[in-house]
Amino acid sequence: MKLVALIASERKNGNSEISAKYIAKKLNAELKILRLTKYKIEPCKACYACLFGKECEIEDDVYSILDEIEKGDAILISSPVYFLDATSKFKALLDRGFLALQRLDSFSKKNCVILTFHGFKEAKGWASATHLILARTFCFNVLANIEIRAALPGEAFTDENLKKLDLAVEVLKTGKKFVAKNQCPICLNTAFRIENGRIVCALCNSEFDRDMNLIKEGKWFIDLNWIREHFFKELVELKNEFKRKKDELRKLIEKYI
649 MKLVALIASE
659 RKNGNSEISA
669 KYIAKKLNAE
679 LKILRLTKYK
689 IEPCKACYAC
699 LFGKECEIED
709 DVYSILDEIE
719 KGDAILISSP
729 VYFLDATSKF
739 KALLDRGFLA
749 LQRLDSFSKK
759 NCVILTFHGF
769 KEAKGWASAT
779 HLILARTFCF
789 NVLANIEIRA
799 ALPGEAFTDE
809 NLKKLDLAVE
819 VLKTGKKFVA
829 KNQCPICLNT
839 AFRIENGRIV
849 CALCNSEFDR
859 DMNLIKEGKW
869 FIDLNWIREH
879 FFKELVELKN
889 EFKRKKDELR
899 KLIEKYI
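In my numbering, the protein residues as written are 649 to 905.
Just so you know, the hints here were simulated from the structure itself, not pulled from any lab data. Since the model is a prediction, treat every value here as computed from it, not as a measurement.
Derived pair list, reagent style DSSO-like, types lysine-lysine, alpha-carbon separation capped at 30 Å:
(1) LYS757 - LYS867
(2) LYS757 - LYS693
(3) LYS650 - LYS688
(4) LYS758 - LYS702
(5) LYS739 - LYS824
(6) LYS811 - LYS650
(7) LYS674 - LYS811
(8) LYS693 - LYS737
(9) LYS829 - LYS812
(10) LYS829 - LYS811
(11) LYS680 - LYS772
Distance windows between CB atoms, simulated:
(12) ASP807 - GLU889: 55 to 61 Å
(13) GLU843 - PRO691: 28 to 34 Å
(14) VAL884 - LYS669: 40 to 46 Å
(15) GLU678 - VAL884: 36 to 42 Å
(16) LEU897 - LYS660: 46 to 52 Å
C-beta: ideal position from N, C-alpha, C; glycine also.
Please model the entire structure based on the sequences and the hints provided.
Below is the structure:
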């Protein structure tokens, strides 16, 4: 097995990196670390060219990152919380997620585990949700979304945290999905909103009652047919609609500015 680890931390031998090495060793897997801080990742221009089957004209390293992911058998996202969220480099790659959709058939066959490291329980924020959004946008088969409290380098190897790393090893070995307490059982998200007295998953849009009993199962970023319909039909049509209404919208803008 070749394990590709996406790490968006500059800290060498920090918890994100040593955990990836531990898991690869337990799996007897070849490990390829993609330290995103070392890659040039430019902002998306929202031109939608890639959704129309064209090559991205931005000259940076995103295609190189995708090529390395392509070579992996399994994916590990292992990265820290910065100010309640994922690091800026991680979010930069997420914003270029349209390019990964061109590899949907390949990427959807890759099992994935997410490790999110935070220093304070009260400040773990929503980074694990952001990490999950990238995994879902890249169409990985997410097996576990694990949050780990480990601030100081090396704290990933406390007894409690080793159990979580061993869980990551186990699900990658077996391919069996693990749902943690207070996660969306459909997509493993950790962020929710309240709508009309219902708890709604902010990612897949599944709906639950106050006891987290499923009322309606969502499909956003989960179902491959939904992904194809949304990104390659609905968004393409949205772009075409803009072309049709461009002059009208320009006049509306000029009216107010």
